[in-house]
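Participant: What follows is the residue order along each chain.
2 protein chains.
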Amino acid sequence: MSKSKAVVLVSGGMDSCVTTAIAAQEYELVFLHLNYGQRTEKRELQAFNDIADHYGVTQKLVVDVQFLKEIGGSSLTDRRIEVSKADLETIEIPTSYVPFRNGNILSIAASWAEVIGATKIFVGAVEEDSSGYPDCRHTFFAAFQQAVNLGTKPDTTIEIITPLIHLTKAEIIKEGLRLKAPLEKTWSCYQSEDLACGVCDSCALRLQGFQLAGLEDPIEYKVRPRYTRV
Amino acid sequence: MSKSKAVVLVSGGMDSCVTTAIAAQEYELVFLHLNYGQRTEKRELQAFNDIADHYGVTQKLVVDVQFLKEIGGSSLTDRRIEVSKADLETIEIPTSYVPFRNGNILSIAASWAEVIGATKIFVGAVEEDSSGYPDCRHTFFAAFQQAVNLGTKPDTTIEIITPLIHLTKAEIIKEGLRLKAPLEKTWSCYQSEDLACGVCDSCALRLQGFQLAGLEDPIEYKVRPRYTRV
Chain Z
422 MSKSKAVVLV SGGMDSCVTT AIAAQEYELV FLHLNYGQRT EKRELQAFND IADHYGVTQK
482 LVVDVQFLKE IGGSSLTDRR IEVSKADLET IEIPTSYVPF RNGNILSIAA SWAEVIGATK
542 IFVGAVEEDS SGYPDCRHTF FAAFQQAVNL GTKPDTTIEI ITPLIHLTKA EIIKEGLRLK
602 APLEKTWSCY QSEDLACGVC DSCALRLQGF QLAGLEDPIE YKVRPRYTRV
Chain F
422 MSKSKAVVLV SGGMDSCVTT AIAAQEYELV FLHLNYGQRT EKRELQAFND IADHYGVTQK
482 LVVDVQFLKE IGGSSLTDRR IEVSKADLET IEIPTSYVPF RNGNILSIAA SWAEVIGATK
542 IFVGAVEEDS SGYPDCRHTF FAAFQQAVNL GTKPDTTIEI ITPLIHLTKA EIIKEGLRLK
602 APLEKTWSCY QSEDLACGVC DSCALRLQGF QLAGLEDPIE YKVRPRYTRV
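These protein sequence lines are chains Z and F, in that order.
According to this note's numbering, the first sequence is numbered sequentially starting from 422.
According to this note's numbering, the second sequence is numbered sequentially starting from 422.
Since the hints were derived computationally from the structure, they do not count as laboratory data.
By construction, the Cβ of each residue, glycine as well, lies at the ideal position given by its N, Cα and C atoms.
Be aware that one or more of the hints could be misleading.
Said to hold, decoys possible - Examples of chain Z residues toward chain F, derived with CB under 8 Å: (1) Asp485; (2) Glu535; (3) Gly538; (4) Phe561; (5) Ala568; (6) Pro584; (7) Ile586; (8) Leu616; (9) Gly635; (10) Pro639; (11) Lys643.
Build out the structure end to end from the sequences listed, making use of the hints.
Facilitator: This is how it looks when you write it as structure tokens:
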């Protein structure tokens, strides 16, 4: 029997790479990536393609959602808003929050999954470690699952799977190493495309994760602060 | 006190026009329109702008979601799939169904509403008369409302309002006339852009609605069959 098909949302970051490694154990993978005018669009797309090559994924959909940039409201897409320096102690929503981004991403994934007959959508969202984005929480995904169930054809079954949702960054990294995920091919920095900045939220969470896991991040940084809390 | 802001999804069809008339009674309107590579994209956009002019709406967002065409699966966006001739007797989902379209539309609307501080999203979806699209049912909108509540910032309040959801086409037309909605500026046909075809699902529902309401549709048709059932 042939494997059933799973859409994996691959931003090119570490979480989506480890999610891919998990999904690859059981499903035939197809990859979805979004360009939304984020600062590091080109670098993320390269990481997406590198991860696809690594896993031999050929069915890929890259969707241009420039409207998220037009709509604005986020430092990731609006250069007038400064990217927050990481502040891992507070729970305030950082300026990099793109309003309802995951709603948009999941809607596109659901449309595609319904057309190609994929039965799963894998998303590498992380609740505890997610910088406080409201659309990264388990409760949001559960509600969206219900909307997908009701908003697609009666004979369509699409399950949204978030295998990392309750893991810490350190646990994700360990899981990635266990599954031989190509973490060296991933890109996390929100700020720059040549060398990771080391100081944006995303770099900070990544570096802290490696440091808590007692491991060395294989990619290069402009600066590599220590973020580990006691 | 200034009126609070409402995003109205305006396709350019009759339902969205009547929805606009309802929303205009109470809110400051901003208009959202989607181009998704549908056959009648240009004509619908013209209707959108005509309705905006009629109501003096200046804050407009036209979003290009060509990915719905790339994803395919619908006769509205894929010219290899024939537009169904209307069959108002069966409950089969017609070929014009765009997979999870309303999930995509509502996600965009929610992102925009959150950024501009709009508190309502008006959608002219119709359940009974909706040709059986799964994403036009009240239960779908209720589930999506929950996803929006959970996937936006804690201090964001966005209510999805579907004022036509339980009306028939004939009731919508009467409501439109009562509120002096400019129905002559709307476009419903899925098939052609010069004269409405009169035979696609959308034309059939519209014509049947006028006929059941005992009224004359102000727009021109290539053919104008009688659809009224006894």
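Participant: Now tell me, hint by hint, if it's right for this structure.
Facilitator: Consistency of the hints with the structure:
1. Asp485: For aspartate 485 of chain Z, the interface hint holds, since the closest Cβ of chain F sits about 7 Å away, which is under 8 Å.
2. Glu535: 4 Å, holds
3. Gly538: This hint is violated: glycine 538 of chain Z lies away from chain F, its Cβ roughly 10 Å from the closest one there, beyond 8 Å.
4. Phe561: 4 Å, holds
5. Ala568: 4 Å, holds
6. Pro584: Because about 19 Å separates proline 584 of chain Z from the closest Cβ in chain F, which is outside the 8 Å limit, the hint is violated.
7. Ile586: This hint is violated: isoleucine 586 of chain Z lies away from chain F, its Cβ roughly 14 Å from the closest one there, beyond 8 Å.
8. Leu616: 31 Å, violated
9. Gly635: Constraint on glycine 635 of chain Z not satisfied, violated at 34 Å.
10. Pro639: At about 33 Å, which exceeds the 8 Å cut-off, the nearest Cβ of chain F leaves the hint on proline 639 of chain Z violated.
11. Lys643: 31 Å, violated
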